[in-house]
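Asker: Sequence:
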Amino acid sequence: MGNSKNVYASVKSYSQRGKLFIRDDYQTLAESRNLDELITRLRNTKYEPVMADIPKPYTAHGIESVIRGHLASLHYGITKTVGNSPILDAYYMRFIVTNLKAILKGKVLGKAQEDIESYINLRAEELVKQRDVVIKALVAKDLEEAVASLSSTKFGDDVSRAAAAYSDVGNIQVFDTYFDKIVYQNLSRALRQSRDRHVIKIVSPDLDSYNLLSVIRGKFWGLDESTMEDLLVPPTQSAPRDLLSKMMAAGDVRDALNEVSNSKYRHLIPQTENEMDAVAEFERALEREIYTTSIKSFTRMFSFATIIGITKLTAYEIRNLAAISFAVEQGIDHKTVMSKLILPTEA
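Numbering (our numbering), first residue to last: 292 to 638.
A portion of the hints provided could be inaccurate.
In silico SDA-like pairs for lysine to any residue, Cα to Cα no more than 25 Å straight-line [to be verified]:
no., residue 1, residue 2
1, 537, 552
2, 631, 537
3, 492, 402
4, 631, 559
5, 347, 317
6, 402, 460
Derived CB-CB ranges, DEER-like [to be verified]:
no., residue 1, residue 2, range
7, 374, 545, 30 to 40 Å
8, 486, 419, 23 to 33 Å
9, 417, 484, 24 to 34 Å
Because the hints were derived from the structure by calculation, they are not lab data. Virtual Cβ for every residue (Gly too), placed ideally from N, Cα, C.
Make the full structure from the sequences, and use the hints.
Answerer: Listed below in structure tokens is the structure:
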């Protein structure tokens, strides 16, 4: 691993790993009768320091926003400890991209600026001095103006492509895919600079998942091959170009999934005939694969892979907490929400 900064960051990662929530912790939180009770229970955890920042009256959005800000600070701290790491920078970009997604989708839906603001947390942008970029898009009067405001930024090309694809297919999820592409394009570029096989092993499933799902969703939305091609990032050995080409050429979602049976992800192919369910099940199976790989990164002490692993595992923890907050707010049964969380082992 080489330098002392990385050794220190790896030790810190192990310490963070020991503090990750386990199934019982989530269970206790999911059983909260209302958001006040959820906050009280969160005060008894490591999240106690940020609980005071959650605005009243409590909402699931408010809780998610504050804990996402906390996660941004945590990831930024790890990145700073390590020093120059294109891979960690690419993962960090997810925070900014998530906000831009929320803003542009909000513009499409004609939401008021105040409404969109409740979905975003600008802590990540503040830490890397990118706040102005996001604010410009937020205050734009409509989608067209928001797209124009981003045209001179590094997001410009992908944003205008996303807007064009949206006008073609009319599905708002197109924005998710194009914005995700920005993250994975950077991740792919960063990974190509790495010779560390442990790092390649933990990052590759993210790239594979993005490419495989882009094709499967493209099939579901009825995108043509050139548009699907445009969405892809440079493939890895575990989901190679040849596989993706066969999937794109397949007749429908089911046929495309059948092509996956010739890859290392064959055990993840959903059995359901319903296309919409198949896409959702495949996405969840890939998520679990990424999660499991992240946990396995802790088998070698002082490996840079453990630093990547903790940034991914803490992000899953925040997602789980956001899902629980939403479920408690909506009065959804704790068993239902527990079945949706990404946890170390299935119950």
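Asker: Kindly indicate which numbered hints from before are broken by the structure, ordering the numbers from low to high.
Answerer: Structure breaks hints 2, 3, 7.
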